[in-house]
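Novice: Take the sequences, apply the hints, and build the full model.
Residue numbers (my numbering), protein chains in the order written: chain A, 1 to 428; chain B, 1 to 97.
Hints in this document: simulated from the structure, not taken from any laboratory. Hints are supplied without guarantee of correctness; some may be wrong.
What the hints assert, rightly or not - Think about it this way: if two alpha-carbon atoms lie no more than 20 Å apart in a straight line, the pair counts; the simulated SDA-like pairs of lysine to any residue are:
(1) B:Lys71 - A:Asp91
(2) A:Lys333 - A:Ala298
(3) B:Lys71 - A:Asp44
(4) B:Lys71 - A:Val50
(5) B:Lys71 - A:Leu48
(6) A:Lys119 - B:Arg37
(7) A:Lys226 - A:Ala249
(8) A:Lys226 - A:Arg241
(9) A:Lys119 - B:Arg80
(10) B:Lys71 - A:Glu43
(11) B:Lys71 - A:Ala47
(12) A:Lys333 - A:Glu415
(13) B:Lys71 - A:Ala51
(14) A:Lys119 - A:Glu96
(15) A:Lys119 - A:Leu100
(16) A:Lys333 - A:Val288
(17) B:Lys71 - A:Asn52
(18) A:Lys226 - A:Leu216
(19) A:Lys119 - B:Ala84
(20) A:Lys226 - A:Leu240
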Amino acid sequence: MVLWWNTAGALDRQVEASIRADATALVERRRAGDIGALVSAIEDRLALDVANEALYLLLGPDNRRLAGNLSAWPVEASGEQPWMRIPLERDGAMTEARLLRVDLGDGHRLLVGRDVAEKLRLRALLSEGIAWAASASAGLAVLGAWLLRRALENRLRPVYRTAAAVASGDLSPRVPLTERGDEFDKLGATMNAMLDRIAQLMEGVRGVSDAIAHDLRTPIARARAKLEEAQASAEDEAALRAAIEQGIADLDGIARVFQAVLRIAEVEAGARRAAFRPTDLSPMLADVAELYGASAEAHDQHLVAEIPERLPLVGDRDLLGQALVNLLDNALKFTPEGGTVRLAARLGPDAVEIAVSDDGPGMPEADRRRAGERFFRADSARSTPGSGLGLSLVRAVAALHAGEVLLTDTHPGAERPGLTVTLRLPSA
Amino acid sequence: MAHDAWMLRLAPLAFVLLATQVAMPVAMPAANETPVRVTTDSGAYCQELVVRIAAQPNPGSDIRLLAEEGKRLCETGHVRTGIAKLRRALRATQQGS
Chain A
1 MVLWWNTAGA LDRQVEASIR ADATALVERR RAGDIGALVS AIEDRLALDV ANEALYLLLG
61 PDNRRLAGNL SAWPVEASGE QPWMRIPLER DGAMTEARLL RVDLGDGHRL LVGRDVAEKL
121 RLRALLSEGI AWAASASAGL AVLGAWLLRR ALENRLRPVY RTAAAVASGD LSPRVPLTER
181 GDEFDKLGAT MNAMLDRIAQ LMEGVRGVSD AIAHDLRTPI ARARAKLEEA QASAEDEAAL
241 RAAIEQGIAD LDGIARVFQA VLRIAEVEAG ARRAAFRPTD LSPMLADVAE LYGASAEAHD
301 QHLVAEIPER LPLVGDRDLL GQALVNLLDN ALKFTPEGGT VRLAARLGPD AVEIAVSDDG
361 PGMPEADRRR AGERFFRADS ARSTPGSGLG LSLVRAVAAL HAGEVLLTDT HPGAERPGLT
421 VTLRLPSA
Chain B
1 MAHDAWMLRL APLAFVLLAT QVAMPVAMPA ANETPVRVTT DSGAYCQELV VRIAAQPNPG
61 SDIRLLAEEG KRLCETGHVR TGIAKLRRAL RATQQGS
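Specialist: Here's what the structure looks like:
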């Protein structure tokens, strides 16, 4: 349209400007003299019109033709619009004229115009050129779009196939990557990472389901067996009551395990993030250390606490307290009589570190990688009571606070290396 | 089949041409109307121009030759070409004066 406006459209504007200027000059001539001067001016213009394009018609009040080269007043000139296009006969051939009607005010009427046959031919040529150019552009655009679409389809086909295979239930396929490292490779790599994560989560869910089924079946079966035995062989009411109390205690233990699993799920889902507040961990650590210090003394163990004055961070104080309790529970559980458990906190430049060290048997490297999985218990811990959920909660709490859990030897190289669990959290 | 392919290729061109013609339609006379005619493409107008040139004082020889050529063309039926020559001669006389 812009091209049309600047070429063919310009021809029309040029004709209109010429007619308007001619008409204005003739009106001025009429104002300056009598009607005879206007007639003379029109005849002079026609006599000098070498291009043979000028068209005039001057009618008197009685519709008598006074000057001009049009045979009659055209029907179109009697309408309301001053500008018009009319068909024009010239040497027996039909052409077109552009006319402007001017009412001179005293009953005289004037038509000024131009034969636009040449302009029409030129316009047709320009139109054809524009049409061919537009057609060629459209063709190139369609071809380009088709090529682009085909290239996109080729690059995305492996992604479609992988997604289709995953949708059909097979999680093992991955998007093949090229060496180009372009956006499609980034998409494929992201999708592969997503599938890896989904597979890992599915494996985790499956593992948890298996673990729940396995680890809870034993205590439930044990409680049932005890109750059955009491029902069959209890000699008096006191024995029966004792058996029922034992059964209730066993069921309470099972309920606690369920509660722990639910809490870990809640923490991992991030539902507790709304409870984050700026807090100082020092008082809480001191309280817990005091409480567990008494418990340690009762078992002939020592709890040494090194807590700085301030440990500012943003987080959930209750969850962090629960995580610390789990760590101290574990440490005291695996520390022999006379051993020492150390609770050391430190405020680094960008993190708060809370380390709980024990003198226990330690944990092999292979087990450390799995420590934190729900219900996982190292072989060396089979003989001690526990559900295998304590460190899972600690890891979930650390992840919720954008922190990490590190497992190291307390006494590297020693026969009983012990275990140091360090909770590293971003400081406020 | 080849004809169909050409039609398909020319379809956009036809569309654009049609659009331009619709945007700026060419005027056509109504069936029952006599079209307006140009009266200056006639032998009478040729004569009128010849008289005008003759009335000019002291036209040069070139102008006279041009005017005579125009007059001769009119007389031999080439009215529009003759009128163009006469007009050119008339313009030359006015520019000379």
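Novice: Of the hints given before, which are not true for this structure?
Specialist: Structure breaks no hint.
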